[in-house]
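Number of protein chains: 2
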Amino acid sequence: MDARTHVETRARAAKAVSADLAVATRAAKDTALRAIADALTQRADEILTANARDVEAARAEGIPEHIIDRLRLDEERVAAMADGARNVAALPDPIGEVVRGSTLPNGLRLTQVRVPMGVIAMIYEARPNVTVDAAAICLKAGSAVLLRGSSSARQSNTAIVGVLRTAIESAGLPADLICQIDPTDRETTEQLLRARGLVDLAIPRGGAGLIQMVVERSTVPVIETGVGNCHVYVDADADLDKALDILVNAKTHRTSVCNAAESLLVHKAVADVFVPRAIAALRDEGVTVHGDSAFQAASDAVVPATGDDWAREYLSLDLSAAVVGSLDDAVRHIRTYSSGHTEAIVTESIDAAHRFSMLVDAAAVMVNASTRFTDGAEFGFGAEIGISTQKLHARGPMGLPEMTTTTYVVTGSGHVR
Amino acid sequence: MDARTHVETRARAAKAVSADLAVATRAAKDTALRAIADALTQRADEILTANARDVEAARAEGIPEHIIDRLRLDEERVAAMADGARNVAALPDPIGEVVRGSTLPNGLRLTQVRVPMGVIAMIYEARPNVTVDAAAICLKAGSAVLLRGSSSARQSNTAIVGVLRTAIESAGLPADLICQIDPTDRETTEQLLRARGLVDLAIPRGGAGLIQMVVERSTVPVIETGVGNCHVYVDADADLDKALDILVNAKTHRTSVCNAAESLLVHKAVADVFVPRAIAALRDEGVTVHGDSAFQAASDAVVPATGDDWAREYLSLDLSAAVVGSLDDAVRHIRTYSSGHTEAIVTESIDAAHRFSMLVDAAAVMVNASTRFTDGAEFGFGAEIGISTQKLHARGPMGLPEMTTTTYVVTGSGHVR
Chain U
29 MDARTHVETR ARAAKAVSAD LAVATRAAKD TALRAIADAL TQRADEILTA NARDVEAARA
89 EGIPEHIIDR LRLDEERVAA MADGARNVAA LPDPIGEVVR GSTLPNGLRL TQVRVPMGVI
149 AMIYEARPNV TVDAAAICLK AGSAVLLRGS SSARQSNTAI VGVLRTAIES AGLPADLICQ
209 IDPTDRETTE QLLRARGLVD LAIPRGGAGL IQMVVERSTV PVIETGVGNC HVYVDADADL
269 DKALDILVNA KTHRTSVCNA AESLLVHKAV ADVFVPRAIA ALRDEGVTVH GDSAFQAASD
329 AVVPATGDDW AREYLSLDLS AAVVGSLDDA VRHIRTYSSG HTEAIVTESI DAAHRFSMLV
389 DAAAVMVNAS TRFTDGAEFG FGAEIGISTQ KLHARGPMGL PEMTTTTYVV TGSGHVR
Chain A
29 MDARTHVETR ARAAKAVSAD LAVATRAAKD TALRAIADAL TQRADEILTA NARDVEAARA
89 EGIPEHIIDR LRLDEERVAA MADGARNVAA LPDPIGEVVR GSTLPNGLRL TQVRVPMGVI
149 AMIYEARPNV TVDAAAICLK AGSAVLLRGS SSARQSNTAI VGVLRTAIES AGLPADLICQ
209 IDPTDRETTE QLLRARGLVD LAIPRGGAGL IQMVVERSTV PVIETGVGNC HVYVDADADL
269 DKALDILVNA KTHRTSVCNA AESLLVHKAV ADVFVPRAIA ALRDEGVTVH GDSAFQAASD
329 AVVPATGDDW AREYLSLDLS AAVVGSLDDA VRHIRTYSSG HTEAIVTESI DAAHRFSMLV
389 DAAAVMVNAS TRFTDGAEFG FGAEIGISTQ KLHARGPMGL PEMTTTTYVV TGSGHVR
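If you read the sequences in order, they're chains U and A.
When you read off a place in the first sequence, starting at 1, and then add 28, the result is the number in the numbering used here.
When you read off a place in the second sequence, starting at 1, and then add 28, the result is the number in the numbering used here.
Some clues are possibly wrong.
List of simulated lysine-lysine pairs, DSBU-like, C-alpha gap at most 35 Å [to be verified]: (1) U:Lys43 - A:Lys270; (2) U:Lys270 - U:Lys296; (3) A:Lys296 - A:Lys270; (4) A:Lys296 - U:Lys43.
Between beta-carbon pairs, the in silico distance windows are [said to hold, decoys possible]: (5) A:Asp328 - U:Gly135: 45 to 51 Å; (6) A:Val255 - U:Thr131: 48 to 54 Å; (7) A:Ile91 - U:Pro133: 36 to 42 Å; (8) U:Gly135 - A:Asn115: 20 to 26 Å; (9) A:Pro304 - U:Glu36: 57 to 63 Å; (10) A:Val255 - U:Thr69: 45 to 51 Å; (11) A:Ala88 - U:Thr131: 48 to 54 Å; (12) A:Glu215 - U:Arg137: 44 to 50 Å; (13) A:Arg224 - U:Arg360: 17 to 23 Å; (14) A:Asp73 - U:Arg137: 44 to 50 Å; (15) A:Ser130 - U:Gly135: 33 to 39 Å.
No lab work stands behind these hints, which were simulated from the structure alone.
Being a predicted model, the structure only gives us computed values, none of them experimental.
Note that CB positions come from ideal geometry on N, CA and C, so glycine has one too.
Please work from the sequences and hints to get the whole structure.
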């Protein structure tokens, strides 16, 4: 079967049963989610056996160990996936929520109600736990899901999807609400992105190549996730001890994530004091600073920044750094190079914090806090399906409400115009 | 200058000043909107002279009279445009609205705040009043606007944009917040849709050709508007008098608009009584019914429906019509052929109304009311920039809040993870 036929067949099957889920009660959905959790625990052996084969194949292909670590499952990780499904069951049902409502002058009663998207396609890489997270969130949000994982996790994901489908069927919901898309055929990703009328929303989670394909080729609605060129700006009115803590945490707490800091901007008024302290503290953590002339002048350990450095998402122990003349210069720099993920300002000034927040044009602004806090769990959303860096529909960490759309229900008694 | 350079130059100019508007107070924006209203009234003669040249040119080209009527301005229409700008000034400022907020367990204070999109591109046809509406709404929503009208309204729009730019400049805002894009070069539309990084949102208002180009070629975020294949479903539990009023109003009140009814579905339990009444009432209004076999059997005046009729947006005194076996059959028919705009059910049954509302998958559902009510003004939004038929970001009539995005502002006191 060619990629297009494969994707269309699965998408039609999912679409056909999506209406059943649109009218399912919260109780029915939560029962299915708890069945998923129980089944993952009971059938952990099957999943671990399949995963061991994926790990073995990855090792044979010479895939780097840190990627294999993301792929690898153990009993603890399977238990965490089961807990994830139970957590989603515990969250309020977004479907049916009345977003706004009023009675119009002519007596018509207007309510805007959350309803399901329909069919959501998830395109993601390595980690098999995303399979369970995405399926659980989409199910609770009333949508069928098409899961297109990476080929390296094929056997793990096949085992997991098998468990999920059996579990929801045992709970009285159609198995086709959760469909796997063949990850061994590269073409299936593009076909998912072009299944207009069958896929209501696609969420790609991956690198720059995937995002580029999405931008150029997709005809279905898409939410882009993930790229984070996050800045820490140390203002003239900063508490420099807080600034140092926040900088080091944002850069080094975990380097491979999208909410890690990649660039430091320091107001010239505090540069003489702060720049040497920052360089020393970062050096202690093994960070290479790619600095402008002011940073270079402060230490021989600073590598000269090139034009490319300002826009780079290193995802490593590297940081670009510059001294700026004013808050507005910092804002201009960020507006030029930022990916619109998270920008932090360290300042004691209310006015500076407000102006920075309104101008940087990002999904999240941290005032005197580490960029690492941009995260669905940290924000208290209970479940997260990714962090949107686009402005349309959802911006920042996405939970259940972001996976829904709305319908205006207008009730009259024979009203005509 | 080629189309790409033209669009990029205007878009960069708009982007450069968009930050000024992001931090403008409501007072500053309302002053500018009232200046627009005053200037339109004072300089009506210039606008009417330019418009007369457009009308003359359109007539010379043999453009049909009903299109010319949409193009034509008079003093009353210019006054209505000025009133539109004043109405937008009177609406609450969406920018700065706190959508949600909480204090997290670690003491971080989280607020999700409405912020401007940045630069919005409007692509629209004939009517020059859209120029003022779009500019006023975008300005109030804090975004710069790129206006790409139709070539037939070029001189009118050039005159209007000139008035708007002078007016906002006199009120202390940069003229480049409102930029006109050359409508004589067909290529400029595509360049707007591909100005990634410069255009934050594009709103195309036009026919199927434009929408197709948007789907296939755009790389910027888009909200699709307008196509309406709206159904009226007469349920087994309908009050048939209400049903007749609603049907006739939805079909004939105004035929050329997207919220006009294009298709009638009748439950078999009431078909014997309702179908002949509907045919007679529609014939009195000059409507041609394209019916299924049941409708054909009821009257010789019924034209046999072909497969194409069910998906057609006639925008004329034509209506497709069929008898269905159940509410769920009606839902299935609508889910197959609908454009997701507005679907109406006529029923006295609460359960039927609820099931229909949750299942038809449309921007708006009318219960015992005409489809004609799906409209920003009717919904009390005060201003409308179009009706979205997509599920992402905005669905249904779009007012000021739909023209914004949000930022999470997270405030701590040196918080790190």
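Now the hints, each set against the structure:
1. U:Lys43 - A:Lys270: holds, 34 Å
2. U:Lys270 - U:Lys296: holds, 18 Å
3. A:Lys296 - A:Lys270: holds, 18 Å
4. A:Lys296 - U:Lys43: Holds, at roughly 27 Å.
5. A:Asp328 - U:Gly135: 45 to 51 Å: Roughly 40 Å apart at Cβ, these two residues miss the hinted range, so it is violated.
6. A:Val255 - U:Thr131: 48 to 54 Å: For threonine 131 of chain U against valine 255 of chain A, whose Cβ atoms are near 29 Å apart, the range 48 to 54 Å is violated.
7. A:Ile91 - U:Pro133: 36 to 42 Å: Because 38 Å falls inside the window, the suggested range holds.
8. U:Gly135 - A:Asn115: 20 to 26 Å: With Cβ atoms ~23 Å apart, the hint holds.
9. A:Pro304 - U:Glu36: 57 to 63 Å: violated, 42 Å
10. A:Val255 - U:Thr69: 45 to 51 Å: 48 Å Cβ-Cβ, so the 45 to 51 Å window holds.
11. A:Ala88 - U:Thr131: 48 to 54 Å: Between alanine 88 of chain A and threonine 131 of chain U, where Cβ atoms are some 51 Å apart, the hint holds.
12. A:Glu215 - U:Arg137: 44 to 50 Å: holds, 47 Å
13. A:Arg224 - U:Arg360: 17 to 23 Å: holds, 20 Å
14. A:Asp73 - U:Arg137: 44 to 50 Å: holds, 46 Å
15. A:Ser130 - U:Gly135: 33 to 39 Å: Given about 36 Å between the Cβ atoms, the range holds.
Figure legend: structure checked against the earlier numbered hints; hints not met, in rising order: 5, 6, 9.
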